[in-house]
Each structure stands twice: as structure tokens, then as C-alpha cells.
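Asker: The listed protein sequences derive, respectively, from chains S and P. For the first sequence, this note's numbering gives the first residue as 1, with consecutive numbering after it. For the second sequence, this note's numbering gives the first residue as 1001, with consecutive numbering after it.
FYI, nobody ran anything at the bench for these hints, they're computed from the structure. Incorrect hints may have been included.
[What the hints assert, rightly or not] Restricting the straight-line Cα-Cα distance to at most 20 Å, the calculated cross-link-like pairs of lysine to aspartate or glutamate (EDC-like) are: (1) P:1227 <-> P:1399; (2) S:227 <-> P:1029; (3) S:150 <-> S:105; (4) P:1150 <-> P:1111; (5) P:1402 <-> S:435; (6) P:1227 <-> S:106; (7) P:1227 <-> S:89; (8) S:402 <-> P:1029; (9) S:227 <-> S:201; (10) P:1023 <-> P:1072; (11) S:227 <-> P:1026; (12) S:150 <-> S:106; (13) P:1402 <-> S:248; (14) P:1402 <-> P:1337; (15) S:23 <-> S:60; (16) P:1402 <-> S:111; (17) P:1150 <-> P:1089; (18) S:402 <-> S:29; (19) S:227 <-> S:435; (20) S:227 <-> P:1040; (21) S:23 <-> S:264; (22) P:1227 <-> P:1263; (23) P:1402 <-> S:264; (24) S:402 <-> P:1106; (25) S:402 <-> P:1086; (26) S:402 <-> P:1026; (27) P:1227 <-> S:26; (28) P:1402 <-> P:1111; (29) S:402 <-> S:435.
Each chain, written out:
2 protein chains.
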Amino acid sequence: MPIRLNSRDPGFEEAFARLLTMKREDAPDVAETVAGIIADVRARGDAALLELTARFDRLELTADRLRISADEIDAAVGSVPPGQREALELAAARIRAYHERQLPEDASFTDDVGATLGWRFTPIAAAGLYVPGGTASYPSSVLMNAIPAKVAGVPRLAVTVPCPDGVLNPLVLLAARLSGVDEVYRLGGAQAVAALAYGTESIAPVDKITGPGNAFVAAAKRAVFGKVGIDMIAGPSEILVIADDTVEPEFIALDLLSQAEHDESAQAILLTDSPALADAVEAEVARLLATLPRAAIAGASWRDFGAVVVTRNLSEAAELSNRVAPEHLEICTEDPEALLPEIAHAGAIFLGQWTPEAIGDYVGGPNHVLPTARSARFSSGLNVMDFLKRTTLAKMTPEALKAIGPAAEVLAQAEGLTAHGASVTARLERLNREE
Amino acid sequence: MPIRLNSRDPGFEEAFARLLTMKREDAPDVAETVAGIIADVRARGDAALLELTARFDRLELTADRLRISADEIDAAVGSVPPGQREALELAAARIRAYHERQLPEDASFTDDVGATLGWRFTPIAAAGLYVPGGTASYPSSVLMNAIPAKVAGVPRLAVTVPCPDGVLNPLVLLAARLSGVDEVYRLGGAQAVAALAYGTESIAPVDKITGPGNAFVAAAKRAVFGKVGIDMIAGPSEILVIADDTVEPEFIALDLLSQAEHDESAQAILLTDSPALADAVEAEVARLLATLPRAAIAGASWRDFGAVVVTRNLSEAAELSNRVAPEHLEICTEDPEALLPEIAHAGAIFLGQWTPEAIGDYVGGPNHVLPTARSARFSSGLNVMDFLKRTTLAKMTPEALKAIGPAAEVLAQAEGLTAHGASVTARLERLNREE
């Protein structure tokens, strides 16, 4: 049974605080193993990749077969049933259209002293995308990582995907093709991350690596951070639903279960001002769990980390939700927009009962790579800006330098940085001599 | 003597590659010490802070004196000479005006299936700013970190600054006041970072920590990352100047020296198509070095890491600059804007010989917290977005769900996520029944 709380109960504050700090993940410490793999790839390049791939993926390759050829991709893509292809094409088109709106504008303006200031955005030159193998090899994640990179204008996008026993995943390859991915390598684990970060004879290094992965991949991303950029290290998925009694309990129950079925460490929380809805949703979850192929996983998540909280009113629910800062927030109330101004922290918000979170996972348009573990307090989901850098621009005229240079001289002096001051003074003296 | 290269020489490629991968910093491994300090602060709160402050800063405090009172700030601020106050006020006003232009816009739009999509930006609720003590305690850095946070709308901004022997830095306190900082604590080192991340009886925790610091502070920021957000871990400063023979060698020499004087590990590089300018700048650096109070530092940096590279033309200089991805890039040529389209990676760009980099350190307007160690390939300087989060929004109508829901069902099925599919199916069935 999930935790059941009522904000009116004594002891609620303590119980809710426990919910917030619940440890859901025991990441194994694989840093040392990963450091060894990275050192090996740096030292021996392709030879290390081939050896590690034979060992971990039971796949004997030669260096020229690390990259999946266009012919192989054609063949795999051709095997995708038309219905799946159309669904993936719709998803790609919608994700692309949404992310194109995120492209930021360069700026240039002249200020009151005549200085021209501004900034411009340029894409990262090369990005790498890690795609997990096996059951976690989600084509939707390929779209969600690759499309923002291509919309940003990243000219080179390399994907690595482990292919245990040599088996290719046609939908992953189709997603890569639809996204405009430039290179795909049959490679996984920490060795893939090392190859992307440092390069080998066959794989040119990239500047930033994104994408989910297991504990080894996460540790490798942490280890190469600094040498290259990385996206977030994602934790188990979460959903928080704020609902009133105008919505269908079955819908809410299924939305809670769609997070719970991801992972035994996932967390699903319902906040409602209606005790009747709370009861009804709990009953629906119990009923629907039995129908799910992934009932064992979803059941464990709901039992260990699920929570149903009855609040005094919807504003209190918003306040509690802000303390959670959930990855996914559904506002399933009669007037969801009315609550929006009270929401301060959430990765993605789904408004109204016709917007199941699963729509956002696939075809909504917004990104499904979102901050977990309460990090929506300080970070955002993956977006086009993750593949762009802002470079600031400044150009002084002689007049502008005369206007603001003296203040820079004073501050440089106060900070004891003499050459800083002198670089301004020399120019001002020249300008004064020329007058 | 700095490295002198000519791109026409045999062996240039190898020599330039060595320049790119030169190791300039030997960060001491203090992770274990820092882990102990963080654990101590988490376990004992204020008591640990007081003990560590007595030990490291030779300052005996009581918990109620951790925070610097408004009266103390008033007194310190009152002691700042008017010229310094005016310079800092000018800097603050210009930095604020520039960063206000960075405020991004929320978006909401209805797409072709009738779905309402968009995003909104919300500020981080509480930010912490670490200000180093001693000679590295730069008031300009307080402005550069604090003003973007306040422009973003961060309601609570706490500063920690070590005060060895109890000595306050009036300019730092004035900068904090001009920036709208809410709380200032006399606290430094890993213990300050731990207090900001986890909170103590006297200091409420924050959600993100920015600001420069020594190896202990950097290690502490790494350690608390995840619990809170952090900005980059900055390395030693760098400048790259692209110049032609139309500019004054003395100006260029002083700009190179303003980075070199920061730190023995700083790096200053000149790329020019003019061998004569290369010679003249080298001579000027040698002459001017002797005049600097920080000659020992600047001289060591120039000797060990400085470089002067003669290129075939300015386009080649731009290309080489892109491989460096410098923190600061000066384009000191007759027509600096002409080269701009060829620059792909740089933290900040300064155009023309009337724009010394030092202007950007203090009063230009753009931020001086910039990506070092070639990380401008994949990251940006500090900006207003660092204190905002983007939350995506999606709202389906029944019609929109009918249009795109079936594709989500297909993809959920393909990924084996049954509850995801069912959450869409249940709604579509309801809508079909209602028709």
C-alpha cells in the first residue's frame, strides 16, 4: 500500500518531509571500474572497444564494423511496420516543430555611452548521444535527444547503441534517421562514453554527450564531464498529479501507473482536495495493476514509494507540489490554468484530464528528458539551448571608453590588478593625446 | 619566453596541438578532506561552522554572529571612498541593464491539432553565492554573480565570504548591497558550501550555488552537485587575441598581461598575420612586465603558457582560435566585424582595439564569469538563464487527443510500456463512447 496522508492530521509535516527525502536509489559504486575502462579506451582506442564489446555484448567486431553502415540501417528501417513508422514520423514532426520555437535570438544594441553590446548563439560542433540497449532502448528517447541537437544546428551528431549478440533495434535506427543523426556505432557501456569523449581511430571525439544509461554509463558521463559537456544524470522517473473530484479516477490511476511501470524506484504521488477521489484512485490502481504485464515493477514502485495525500484545498496541493518539484506534474482539475500561477517548480506540466503524461513521452512535442529527484528546483528539461552556447559581444568606441574606462581603472586598482587598469589607461592616454 | 609558432613551419600542427592539450593546473586532491567537512556540517550544523571558522579563519563567533548584520554592512559600506562607490555603482547599473535584456519570454501557442503547447520560466527560489576571501575577494565578481540572479527574480540570495581574523571587505559588502543580496554570512571554505547546500540552524539551504573559490570550494561544489545546482568549476583564466598590424602593440601587450597577472596558470595567446606585430608585442610585453607589481605571476604565466602564433591570414587565425575556444577573445583588427562570422566558439568577444578585455571584467555590461579550459566548445558564460528554469506546458483537447493519441498508443506498445498506452486508450474509449 502506498503512503496515505491527510494534511489536517497531526504529524503530517514530518510524514511529508520523510516523503521528500526518501532514498529511492542505491547507485552501485562503479567509479573505479569505469575509470579503468576509460583509461583503456584512451590508451588503446579501437582495440579496447573491440575487446570490451566482445566481452560485454558477446559481439565480435572489426574496427570497420563499429559503425553501422547505411545499408544496414536501410535494411533495418525497411523492416519497421508502417503503423510504427507513421507513429514515429508524427512524433518526430511534432517534437521538431515544438523545439524550433525554442531557437533563441541573437542580440545587438547600442547603449547610452555608444558601446555596442549583444550576444550570439552558436551550436556545439559535435554531439554524442548514448542510447541504452535491451528493454530500455527507447526510440522515443532518440527523438527527444537528437532532434533538439539538430534543431540547434549541431553539424555532427553521433549515436552509440549497444547491440548485444549483434541484434539491431530497427525502431531505434529509424528514430536516428528521422532525427538526422550522422553516425551510429554499435557500442555501449562506459567504453562508448569514453570513445565519444576522447575519440579513437574510428570515432572522432564530440564536445557534449547526452542520453540515459545504466550505472556504468552514468559514472562514465560524470568522469568525462569537463573534457566534454554532459546533460543531467537522470534518476528514476516521477509523477505528481493534482486532481479534484471532477476527473475520472481511472485516468489518474493509469497516469500514476505509467510512471510506476518504468522502474521499481519510480515514484507516483496524488494530491487531491477530495477524500472520495483519493479512495477511488487507490481502488482503481489496485484493480488496474492486475491487468499490467509490468505489474511486478509497477506494484513495487506504488507500494514502496507511492503516496496519496488529501489536502485542505488545491492551493495547498500546489504548495506541497512545489516542495516536491516533480519531474512530471499533471493538473487534473476543473480549471487547471487557475492553479498554474501557484506552481513554482516542475519539469513539465500537463493540463487537464485529456492530457495524459504519456502523450508527453511520445507525441506532445515538449521534451521528455526532464529533471528528476527534485532538481526541477534548479534545472530544466532538455531543450535547444543545451546544444547552443551564448557568446557575449562588446565593442567600445573611443567615446564609450572615455565614458566608462575611468570606472574600470578605479575598480582594477581596488582589486590590485594593475595590468587590467593599465590596459585601459594606455588607451585613454592615447585618446587624450590625439585630441 | 613564450612559445613562438608560425603556421607555415613544418611541425606547426604538432606544436599547436601540444598548446591545446597543455596541462596548466594540478588540482590537489582534497575530496576526502572536503567530504569530512561536509559530513560534519550536516551532522552538527552551526556548531561545526563555528569550530571550522575558528580554526581556518582565526575567528571566534557565536551562531548569532555568523550573519553580518545590517549595521555592520552600513558601517563598512560607509567607509568606501566616493570614487570607488561611484565606479561600483556604474558597473552595477551597466551589468543590470545588459542582463535585463537576457530575460527570456514565456510562450504559448495552439498547434494544428488544437493542442495548446508552450513553456514558462520561473526563478530558482534561493541561490547562494560563494565569495572568496583574501586577495581573490573581488567585488566585481559579486556583481557578476548576484545581479543576474536578482534580474532573474531569485527572491532569496545568500552570500558567504570568509573574513579571516574578522576583517570585513567593504567593497564586497557594497557590491552585495548594490546587487540586492539578502543575507551575508562570514563563512568560507567547504563549510560555507556545505551550509548553503544542506542548511544549518542559522542558515536556510539554497537550491543553487555559484561563485569561484579555491580547490576546497571547488571540491565542495562538486560534492553537493545534485543536491543543489552549481555553476561551472572555473579553471585559470585565458585570453586569445587576434590582431593585425593596424593596432597598437602596447595595447595588445597589456591585454595579454591582464590575463597573465591573474594567476601563474593563466594563459595568453596572440594570433596575428603580421610577423612585425608579433615581434613588437613580444617586446612590449617584456618591457611592460618590469613595470607590474604582479610581475612575478604575470611573468611566470607568460613564460610557461604564453604563445605568439603567426598565421597565413586572419581566417586561419579564426580557425585556430576556434580550436582553442578561448574564454576571452579579442579581435583587434581593422575590421573586427568581418571576422565575427568565422568565430564558432568563445566565451566573450571584444571587438576592436578600443575594447580592452578589462572593460568586460568591470563595466562593459556582459558577464565576466566565462567558460575556461576550452569548455566554450559546449558551454556559456553566466547569464540570467542560469537562475531560471524552463517548465514545458501541454494541454490536449479531446480533439487533439483523438488526432495524436493513437500514435502514442503505437509507440508505447512498441516500447513495451502498457500502462502508458492504456492511459491514452482509456481516454480515447471514453471520448468514443460519448460521441
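Asker: Identify every previously stated hint that the structure contradicts and give their numbers, smallest first.
Answerer: When the structure is compared with the hints, numbers 1, 4, 5, 6, 7, 8, 10, 14, 15, 16, 18, 19, 20, 22, 23, 24 and 26 turn out to be violated.
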